[in-house]
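**Q** Please model the entire structure based on the sequences and the hints provided.
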Amino acid sequence: YKLIIYNKIGESDTLLLNVQINSYDAKGNLVDALLLSSFFAYEDIVRFSDFVIRQDYTISIDSYVIYRWYEDSKDGHLVTIKFKDQAPQIYIKEQYQMENGRFKLISRNAVSQGEKRSER
Numbered sequence: 002y003k004l005i006i007y008n009k010i011g012e013s014d015t016l017l018l019n020v021q022i023n024s025y026d027a028k029g030n031l032v033d034a035l036l037l038s039s040f041f042a043y044e045d046i047v048r049f050s051d052f053v054i055r056q057d058y059t060i061s062i063d064s065y066v067i068y069r070w071y072e073d074s075k076d077g078h079l080v081t082i083k084f085k086d087q088a089p090q091i092y093i094k095e096q097y098q099m100e101n102g103r104f105k106l107i108s109r110n111a112v113s114q115g116e117k118r119s120e121r
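Just so you know, the sequence shown maps onto residues 2 to 121 in our numbering.
It is possible that part of the hints are untrue.
To be verified - Derived lysine-lysine pairs resembling DSSO-like cross-links, with alpha carbons at most 27 Å apart:
id: 1; residue 1: K94; residue 2: K105
id: 2; residue 1: K94; residue 2: K9
id: 3; residue 1: K28; residue 2: K3
id: 4; residue 1: K28; residue 2: K105
id: 5; residue 1: K105; residue 2: K3
id: 6; residue 1: K94; residue 2: K3
id: 7; residue 1: K105; residue 2: K9
Quick caveat, the hints were computed from the structure, so don't treat them as lab data.
**A** Right under this line is the structure:
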């Protein structure tokens with residue numbers, strides 16, 4: 002296994018910082034890859050993930066978003082409302098099992114957009 006950290010240009014020329022784990026066979030050929038985290042900030046959000054690789058060959062990934070502002074309508078005009086010290090909100094929790102060099106998804110729980118908005 003190799004842990005790789007790299008930068009990449011994403012959509013709308015957004016700079017991404019990615020953390021990825023690759024698995025290889027005995028000959029050094031790539032078997033599988035799993036993106037553990039992709040950190041970026043774009044306009045109104047910041048997105049990142051925390052991950053844990055355990056000795057029992059399981060991987061937990063918790064993906065978060067921070068909303069920096071949102072737009073609302075006041076008296077017929079669009080206004081931007083900024084959040085102060087907005088706490089990260091989890092939006093996806095994933096569990097993987099490493100088996101024979103493959104990263105097998107064993108659970109995925111997503112928080113819907115409506116649930117996130119109601120937490121404001």
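**Q** Which of the listed hints are not met by the structure?
**A** none
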